[in-house]
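J.: Turn these sequences into a full structure, and let the hints steer you where they fit.
Number of protein chains: 2
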Amino acid sequence: MRLSRYFLPVLKEDPKEAQIVSHRLMLRAGMIKQQTAGIYSWLPLGFKVLRRIEQIVHEEQARAGHIPMLMPTLQPADLWRESGRYDDYGEEMLRVKDRHKRDLLYGPTNEEMITDIFRSHVNSYKDLPLTLYHIQWKFRDEIRPRFGVMRGREFLMKDGYNFDLTKEAALHAYNRHLVSYLRSYERMGLQAIPMRADGGPIGGDYTHEFLVLAETGESEVFYDSQITDLTFGDRAIDYDNVDECQAVLEEFTSRYARTDETHDEAIYAQVPEERRRSARGIEVGQIFYFGTKYSEPMGATVVGPDGQRVPVHMGSHGIGVSRLLGAIIEANHDERGIIWPEGVTPFHVGIVNLKQGDNSTDAACEAIYAELQAQGLDPLYDDRDERAGAKFAGMDLIGLPWRITVGPRGLASNKIELTNRRSGQSEEMSPKDAIARLAEIYRPILQA
Amino acid sequence: MRLSRYFLPVLKEDPKEAQIVSHRLMLRAGMIKQQTAGIYSWLPLGFKVLRRIEQIVHEEQARAGHIPMLMPTLQPADLWRESGRYDDYGEEMLRVKDRHKRDLLYGPTNEEMITDIFRSHVNSYKDLPLTLYHIQWKFRDEIRPRFGVMRGREFLMKDGYNFDLTKEAALHAYNRHLVSYLRSYERMGLQAIPMRADGGPIGGDYTHEFLVLAETGESEVFYDSQITDLTFGDRAIDYDNVDECQAVLEEFTSRYARTDETHDEAIYAQVPEERRRSARGIEVGQIFYFGTKYSEPMGATVVGPDGQRVPVHMGSHGIGVSRLLGAIIEANHDERGIIWPEGVTPFHVGIVNLKQGDNSTDAACEAIYAELQAQGLDPLYDDRDERAGAKFAGMDLIGLPWRITVGPRGLASNKIELTNRRSGQSEEMSPKDAIARLAEIYRPILQA
Chain A
1 MRLSRYFLPV
11 LKEDPKEAQI
21 VSHRLMLRAG
31 MIKQQTAGIY
41 SWLPLGFKVL
51 RRIEQIVHEE
61 QARAGHIPML
71 MPTLQPADLW
81 RESGRYDDYG
91 EEMLRVKDRH
101 KRDLLYGPTN
111 EEMITDIFRS
121 HVNSYKDLPL
131 TLYHIQWKFR
141 DEIRPRFGVM
151 RGREFLMKDG
161 YNFDLTKEAA
171 LHAYNRHLVS
181 YLRSYERMGL
191 QAIPMRADGG
201 PIGGDYTHEF
211 LVLAETGESE
221 VFYDSQITDL
231 TFGDRAIDYD
241 NVDECQAVLE
251 EFTSRYARTD
261 ETHDEAIYAQ
271 VPEERRRSAR
281 GIEVGQIFYF
291 GTKYSEPMGA
301 TVVGPDGQRV
311 PVHMGSHGIG
321 VSRLLGAIIE
331 ANHDERGIIW
341 PEGVTPFHVG
351 IVNLKQGDNS
361 TDAACEAIYA
371 ELQAQGLDPL
381 YDDRDERAGA
391 KFAGMDLIGL
401 PWRITVGPRG
411 LASNKIELTN
421 RRSGQSEEMS
431 PKDAIARLAE
441 IYRPILQA
Chain B
1 MRLSRYFLPV
11 LKEDPKEAQI
21 VSHRLMLRAG
31 MIKQQTAGIY
41 SWLPLGFKVL
51 RRIEQIVHEE
61 QARAGHIPML
71 MPTLQPADLW
81 RESGRYDDYG
91 EEMLRVKDRH
101 KRDLLYGPTN
111 EEMITDIFRS
121 HVNSYKDLPL
131 TLYHIQWKFR
141 DEIRPRFGVM
151 RGREFLMKDG
161 YNFDLTKEAA
171 LHAYNRHLVS
181 YLRSYERMGL
191 QAIPMRADGG
201 PIGGDYTHEF
211 LVLAETGESE
221 VFYDSQITDL
231 TFGDRAIDYD
241 NVDECQAVLE
251 EFTSRYARTD
261 ETHDEAIYAQ
271 VPEERRRSAR
281 GIEVGQIFYF
291 GTKYSEPMGA
301 TVVGPDGQRV
311 PVHMGSHGIG
321 VSRLLGAIIE
331 ANHDERGIIW
341 PEGVTPFHVG
351 IVNLKQGDNS
361 TDAACEAIYA
371 ELQAQGLDPL
381 YDDRDERAGA
391 KFAGMDLIGL
401 PWRITVGPRG
411 LASNKIELTN
421 RRSGQSEEMS
431 PKDAIARLAE
441 IYRPILQA
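So the sequences go chain by chain: A and B. Position one of the first sequence corresponds to residue 1 (my numbering), numbered consecutively onward. Position one of the second sequence corresponds to residue 1 (my numbering), numbered consecutively onward.
The hints are simulated quantities; they were obtained by calculation from the structure and are not laboratory data. Don't take every hint at face value.
Because identical chains share one entry, a pair is satisfied inside a single copy or across any pair of copies.
List time: in silico SDA-like cross-link candidates among lysine to any residue, alpha-carbon distance up to 20 Å [stated by the list, open to error]:
no., residue 1, residue 2
1, K355, S4
2, K138, E215
3, K126, A390
4, K415, D433
5, K138, D103
6, K101, K355
7, K138, P76
8, K126, A363
9, K126, D433
10, K167, A247
11, K97, P76
12, K97, S430
13, K126, A448
14, K33, F147
15, K97, Y86
16, K97, D205
17, K432, D362
18, K12, Q373
19, K355, E428
20, K33, E142
21, K138, T36
22, K16, T292
23, K33, R146
24, K432, A363
T.: Listed below in structure tokens is the structure:
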């Protein structure tokens with residue numbers, strides 16, 4: 001993309017309404033615009049990151065064998081009356097009446113609807129196991145929306161639902177989700193720690209939240225410091241293998257890690273004192289096993305191998321897609337702006353032309369721009385007639401991981417500068433070498 | 001995908017509620033499920049086609065230089081009070097009150113919101129031309145929703161908005177949209193004819209609707225038969241070239257083609273009698289130029305080259321993404337089921353194993369399945385233990401354009417059968433030749 005043709009309305013001033021750094025930087029970098037309390041437009045740069053995150057989630061769900069679909073944003077109230085949650089949910093549920101005075105609601109989650117789909121179409125245990133998921137906009141009418149997309153009212157979430165014949169099979173689905181979530185977050189450049197949590201309005205007492213440590217987190221968390229040494233990495237895993245998935249669960253959840261909701265001082269005291277940590281965390285996902293909580297009242301049963309109808313065992317599994325942008329920025333920024341992890345960056349590299357209008361500098365930039373695209377990379381070329389300082393500040397603010405700086409002085413000896421956003425370090429090299437280096441850096445990401 | 005692990009709940013009986021063939025086939029093929037009047041879940045097969053259509057739209061919008069973003073589904077009522085449409089829109093607008101009694105609405109379209117974004121961020125003519133678009137769920141509270149996704153209440157639409165300094169520049173944006181829409185529909189296997197139409201609640205008298213001819217269309221249309229001979233094909237076009245785009249507009253709109261709203265018997269009478277046609281059409285898109293209708297009341301102005309503030313010239317341009325599934329099926333089916341055009345088919349090819357459980361047949365199917373995937377194709381392998389007749393009927397119903405049939409008799413001489421869904425014709429060949437043939441057929445689609 002050429003910046004002269006893009007829509008990237010960066011702000012020079014810090015917006016007053018933003019209390020936390022991710023909200024401030026998303027507004028300043030022209031990623032979002034608030035339309036009313038807790039409801040945002042995603043401007044082009046923000047939308048690009050949102051799509052990258054969605055794409056990672058889709059890819060990792062496919063790898064785990066989970067099947068994508070899409071449920072609508074509006075739901076009939078009757079489904080929620082069946083489960084008993086219509087009255088329970090309280091004021092966070094946005095209730096709507098249509099022109100015929102029928103009760104609808106803007107879905108805050110989808111246990112009822114997916115259970116309805118299941119009971120309409122599945123009859124036999126032979127069609128199990130089954131895990132369906134979607135990525136869809138949801139609404140929770142927070143009394144005090146704040147922190148930008150971190151606690152918005154209209155938000156994008158991936159939610160998946162497993163249907164299994166037995167508790168054991170459902171717990172394997174739980175483990176599959178844990179593994180796929182670990183992989184997903186790592187691809188986004190995040191360490192998200194699974195912690196024992198509380199079931200809340202979804203239900204069930206078998207649940208883990210995934211938390212990213214950050215000073216601005218809304219939850220207080222307590223953990224054994226050994227847990228932050230764990231990484232999933234690029235290990236191969238067979239998602240059908242019960243033992244392999246169980247081993248990952250044990251590896252990542254056997255050390256103490258709990259949110260304040262489930263924190264237990266007595267157990268925590270058994271962690272060696274030098275490894276006890278308390279910190280703040282941002283919740284970016286949660287997995288649940290809740291057995292037959294919905295299948296029983298809603299009649300989601302299958303005929304088992306013995307010919308008897310039994311309610312299916314279910315769980316639900318969510319990733320906060322739109323809130324992840326905030327969490328990633330909270331964990332990746334400095335005083336100059338955002339520092340995107342390479343897995344989610346909106347553009348792979350920025351090109352800064354130091355002398356726009358100079359024929360040979362322009363030509364060099366164009367050649368680099370074209371060759372990066374030919375390599376499958378997505379560059380942002382700052383082709384505006386602006387001072388170098390303004391171009392650098394803009395690139396630092398929007399946080400692309402790499403920058404190529406092209407000026408007439410360097411070009412005289414066939415050199416450009418390749419700069420890493422995080423370290424700030426620059427290296428002179430030929431355009432060809434810089435392109436090869438970037439292709440190499442992004443190869444695992446493009447092939448993932 | 002292996003069918004044994006997919007969720008494809010096909011129906012044996014014709015659903016009673018479906019009045020038109022696309023609705024009936026989408027229900028029978030397990031593509032959608034109605035959740036309440038005019039609100040549907042997209043089951044996995046339906047969701048896949050929806051994504052293919054979205055992808056084509058995104059690719060063609062990018063080619064035209066239009067910039068993707070995303071506006072929320074819910075909008076504050078105040079924006080619509082500014083334009084005067086809040087009261088005008090009537091009962092089709094779904095109005096919502098949040099917990100603080102603030103008025104929201106579920107957006108039926110986005111002229112107001114995009115104008116608000118523009119006026120907040122753009123100040124100078126130097127930032128023009130600009131075209132922003134999104135693909136987002138919208139809601140129109142139809143009094144009598146019917147025909148499945150063809151006239152649903154919650155529907156997915158691509159809507160784009162151009163901002164230009166002058167009427168001439170805005171008309172070039174109009175032409176760019178016309179060209180990109182012609183390309184988009186052709187990639188979906190559709191002939192969509194631009195016809196002079198009426199501005200309706202969007203406004204403006206410079207507007208064309210794109211119509212797909214089909215017996216079940218809701219509009220009566222009148223046209224010169226020469227128009228159905230036109231195809232855009234794979235001609236290269238420079239979207240920045242005003243003359244090139246204008247020439248396409250003239251080529252595709254100079255012959256008589258109007259909906260009943262703008263039909264003029266006197267002009268129609270000038271078409272040679274043997275070329276006059278009247279038929280029914282399904283509207284799958286519409287483009288508008290409406291000048292300063294929104295920019296003036298909402299204060300979306302820029303400083304022009306002469307230092308004076310002027311309201312920008314705008315247009316809006318929509319493609320009915322979810323309704324396109326219905327339109328494509330209306331135009332592509334037979335008595336046995338759907339016949340997907342190759343550009344949008346959910347899976348590229350089906351594999352039918354005639355003797356599931358037979359070691360060598362299973363192995364041959366697995367090898368073909370793996371090799372098709374290695375070629376970048378997306379096959380659906382019917383690996384269920386079912387009769388051949390049931391497998392064939394299922395494949396015909398869901399409408400994949402190609403089928404590979406694998407049985408022990410053919411394999412004895414290294415032969416499988418490759419069958420074209422549309423023609424019904426089969427050819428015996430080696431698995432290797434069949435894979436090469438399919439890779440060749442889909443190459444232009446995968447590279448688009």
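J.: As a check of your reading, is K16 near T292 (CA-CA no more than 20 Å) within one copy, between copies, both or neither?
T.: Classified as neither; 48 Å inside a copy, 32 Å across copies.
J.: Go through the copies and call it for K126 and A390: within, between, both or neither, with a Cα cutoff of 20 Å.
T.: Cα proximity of K126 and A390: across copies only (18 Å, versus 63 Å in one copy).
J.: Could you place K138 and P76 in one of the four classes (within, between, both, neither) given a Cα distance threshold of 20 Å?
T.: both (14 Å within a copy, 17 Å between copies)
J.: For K33 vs R146, is the C-alpha pair at or below 20 Å within one copy, between two copies, both, or neither?
T.: within (13 Å within a copy, 36 Å between copies)
J.: Within a copy, between copies, both or neither: which one fits K97 and Y86 at a CA-CA cutoff of 20 Å?
T.: Answer is both: 14 Å inside a copy and 17 Å across each meet the 20 Å cutoff.
J.: Given a CA cutoff of 20 Å, do K101 and K355 count as a within-copy pair, a between-copy pair, both, or neither?
T.: neither (63 Å within a copy, 54 Å between copies)
J.: Under a CA distance limit of 20 Å, which applies to K12 and Q373: within one copy, between copies, both, or neither?
T.: neither (30 Å within a copy, 49 Å between copies)
J.: Which holds for K138 with T36 at a C-alpha limit of 20 Å: within a copy, between copies, both or neither?
T.: both (16 Å within a copy, 18 Å between copies)
J.: Within a copy, between copies, both or neither: where do K138 and E215 come within 20 Å Cα-Cα?
T.: neither (27 Å within a copy, 38 Å between copies)
J.: For K33 vs F147, is the C-alpha pair at or below 20 Å within one copy, between two copies, both, or neither?
T.: Within one copy only: 13 Å inside, 37 Å across.
J.: How would you label the pair K355, S4 (within, between, both, or neither) given a Cα cut-off of 20 Å?
T.: within (15 Å within a copy, 60 Å between copies)
J.: When no copy is specified for K432 and A363, does a C-alpha distance of 20 Å or less occur within a copy, between copies, both, or neither?
T.: within (14 Å within a copy, 46 Å between copies)
Of the numbered hints given earlier, the model fails hints 2, 6, 8, 9, 12, 13, 16, 18 and 22; all others are met.
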